[in-house]
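A.B. asks: Chains H and Y supply the protein sequences, listed in that same order. For the first sequence, this note's numbering assigns the number 855 to the initial residue and increments by one for each residue that follows. For the second sequence, this note's numbering assigns the number 213 to the initial residue and increments by one for each residue that follows.
Just so you know, the hints here were simulated from the structure itself, not pulled from any lab data. Idealized CB from N, CA, C, for every residue including glycine. Take the hints with a grain of salt, since some may be wrong.
[To be verified] Label-pair distances were calculated between CB atoms; the ranges are:
1) Y:Val494 x H:Gln882: 28 to 38 Å
2) Y:Trp345 x H:Tyr1454: 32 to 42 Å
3) H:Gly1390 x Y:Gly475: 52 to 62 Å
4) H:Arg1442 x Y:Leu614: 45 to 55 Å
Each chain is listed here by its residues.
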Amino acid sequence: MAQGIGQWLTWGMLALPLGAALVIRWFQTRWSVQQAGWVASGAIGMAALGAIVLALSVPTHGHGLMVPLWQWMSIGNLTLSLGVQWDALSLLMAVMVTVIATLITVYAMGYMAHDMRGTSFFALVSFFVFWMLALVSADSLLGLFFGWEGVGLCSFLLIGFWHDTPSNRWAAIQAFVVNRVGDLGVWVALLVPLALMHPVGWGVLGAQVATYPPVLQVAVGLGIILAVCGKSAQGPLYVWLPNAMAGPTPVSALIHAATMVTAGVYLLARTHGFMPPSLQVVVMGLGLGTAFLGGVLALGQHDIKRVLAFSTMSQLGLMVMACGLGAYHAALFHMVTHACFKALLFLGAGSVIHGLNGEQSLARMGGLRRHMPITWVTVTIAVLAMMGVPPLSGFFSKDAILLAAWSHSVGLFLAVIGVSLLTACYMVRWWWLTFMGSPRYDATDTPSHQSPHESPTVMTVPLMLLAGLSVTVGVINAPLPWCPPLLSSWLSPLIPALDGHHGSLAVMALLGVGIASVGGWVGWWMAHRAPMVIAGGEQQWGLPWLLAWVSAHPIRWAGVGADRWVDRGLIKQSITGVSWGIHWLGNRVRRLHTGQLTGYLVMWVLALIAVLGSMVMAW
Amino acid sequence: MVAIMVGWMVVVAMGMMAIMVLPLSIRQAMRVGMAVMWGGALAMMAMAIADPSSLNSGIMVPWSYLFGVALEFKVSGLSWALSLATMVAGGVLVGGTTLPSRWAVALLLWIQWALLLVFNAGDLLTLFIGWEWAMLPVYIALVTHGTDKAKSLALRTLMMMVTGGVLFLIAMVLVWVISPAMAPLSLSGEATLPPIVAWMVGGLFLMSFAIKTPLFPFHTWQADLYEQCPAYCRPLVMAVVSKLGVWGVFRVLPVVAPGLVMGNTQAPYLIGMWGVSILVAVGAMYASIVAFAQSTPIRALAYLSMSHMAVAFLGALLGPSYGVMVGTYLVAHTVLVLGLSMMIQAQPNWNTGGALGGMMGRSPWRAWVLLVLLLGFIGLPGTIGFAAELSVIAAIFASYPLVIGLMVLFPVVMNAWVGLRWLTEMVWGQPMIPVLKDDIPSWWRFALGALVVVTLLGGLFPLWIQRWIGVGLS
């Protein structure tokens, strides 16, 4: 592709969502939700088209298409620039983000139709897409950080979108602050090279970091891991993701399932050369631990969206684990398939919530397949894909991760199978409690539950398209005899493939079916026998409480204590004490001023004697 | 040209203060004040744009032939930027606040005069005169236009300032008496003091600057001052006067005690300077934690500012080689705090503990202005706050032990936590305030719009700001 066309496409892709955000914001009070929705989805759809054109035309070897933007700032003698780099990785992300975002924006036109602030919702979603594109297309760690924080800001604004409820405001702040803790990692990874006056472009950064002393390499690596923990809800920094479900469901689908949370996986793939081997093990352990934790926590949830949030956390853990193994292709493949079926699951959940007029508790659902057939069929496809049932997309991507684990060790392979069993278990429980069995939405409970209904066409069409993608997108990297793994061959010039086992497709299919069957049976059993009685599950068995007690609460207490005891107590009282001391001394000295000359004369003589005495002694 | 302009502004400001004594009406006083401040600001901008090289200039004004001392003005891009901020802030405050009397205009002119002296001083004496005179009008404003609480605070503040001033004076006299070769008190070149005297003088200056900044544990007066200060001078005090301490380190230390500048420091004093640095970094962390416990947004902003200024103090200790990076930080902080303080004090209930919510519903433009300024303050990329934070923290990472670099990153999180907490209190939720009229005067609207533009453009193109303020700096 000619450089000039590439530049125009780049500017257009960035300008369209940003322009849409500004235009919608400007006409916010004059436009209807539908108008705003059409503008947003049109702009994002055009950006998707641009991304696809670029993906089909930009050569994947070398650095791809570089589009310098402007010189940004100088640090000492080093001038930092901002620019765009379109290579296989950034284009994969750009296509995924814009295509999913287009479908979700169209869906939101139905979901947000009756919301009073619906127009500003579309402005924020467009703004988010702009920042997400800035994140994935940046040619340096600095540029990535712009997008990284930009998507965090949009996430904050969208989680707090219904800010009349205090808990939503709290969830928004929590998400931003926990992400900020993760962002400290990007700060460290950025500041170490900058302090050495080294540029931070992707093209040179990896080679430079490799020359650093081990302690600095570890600092950069740990910084990246911390950043991944924050953005992709890994390890103890997962706490914000379930609470982020306070935002509108399309936001949960777009930001907190399909795109923003995968930025951590993208960062790991982008910095694949930076990580010392000792830290690769940490990445692997972190991912595996989070995958297990997310799966277990998902089993205890009763909120239709929170189950999916923990599921996202678990699947992101699998992707991070694959990165730790060096299986970046498998991680990115799973990221793409997961984006499709998880967005579909969330949108399906949104359709259910819409059909039940806002109800989110699984305890008051059931039997909805009769009332919402399209939602039911599409969501069932997504559930099967997520469980890894062949030949759906999730089967192929999970298969790749399983093979990577097998290449590492049998123990790890079994652990991944354990995570997959958990996945099948909580997904079937969720699906059964929502759509199957007998209705639990008692008609006498609330009037709004009297008429569950299918969502309008504008919402069901994106569901069907995403269902189609959930079935077929696995083809891009499936080890099929008639179709080479396109994604791997596309990524290989940038990120080397892991030399691992290539298992028999039939064996892997049997394994996939077996895992889905066993896990699914347990999930069905749980839905039947113990649908709502997992004691403490809703509160995650006290884990967030424990984390708050070792992190946020001590800081808060330290602030209050320091303010009360140090600032207002010790320091202010010391100043007051000095002032009282001077006052006291003044009073004592004042008593010497009696007005009697004899007294003054005695003092004068005593002083004279003292002076003369000291002079004599000195002499 | 710019140096002459600054000198002229000093004279005009003094003259106008004298005119205020005459029986002008408050409206006339406001017009005169605005003419001086905006006229001065526009003239400074025009001259700098016409001839950017004149930003690196100086003039000498004979003052006392008895001691062979001249008042010297030395202008650089940074001092120009801070002087401009002083003039603009004053102009906005005169045009947009309810002034209690014509004396308020005189006090504002007085503060500006003193600040111009400090920012453009070419010698210690000029700097000292401005240094001492800058806080006196604040004291008078507290006493004449403040509450009862403000009156007791005024004395405490003044005593702290006098303590800092006495330390400054002792150090200055020592330099004057002992320096054998240095032109009397000039802030050019490097003084050739005996090492032990240089350390003593440097220590006294550092203590004085720490009180003025203020740094932990000399800081408790500042939040009270910001809260109690009359509205017409609060933004100026918060945005500009708070920079004096760091400016002192930046301007004085490399000249009188170059051995104290990090990077030049030799053992055994290096350990002492590391100790100072760790104390300052701990102070930055401490202030950001205590900010969490504050009961009003202005107090929270005061503590977060202390934290920011502690970081800037560490940057200023690195000396002139990092001047542009520290300068970027000072300019950014001035812009953001000026805007935030104006926005907060325009909000009803801001200091009573009453409900604040619902700005987004009542007055969306205010909410968005506050959001942009606050995002700048917490250092979000794309705003001038991030460019400033990145540059100064990169300098700290480059020159201090890694642990100090990591310590100054802690406030990055706390700033976001505290800032967003107050932002959501004010902007989101049901409108709690019965009436929130768009009663912000047009001068303020214009100024706030300009500050938002600077926040965003400065974040996208900080190189342009760096080139501007870098004239005359290393």
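A.B. asks: Give a verdict on every hint.
C.D. replies: Tested hints:
no., hint, in the structure
1, Y:Val494 x H:Gln882: 28 to 38 Å, "violated, 46 Å"
2, Y:Trp345 x H:Tyr1454: 32 to 42 Å, "holds, 39 Å"
3, H:Gly1390 x Y:Gly475: 52 to 62 Å, "holds, 56 Å"
4, H:Arg1442 x Y:Leu614: 45 to 55 Å, "holds, 53 Å"
The structure fails to meet hint 1 from the earlier list, while all remaining hints are met.
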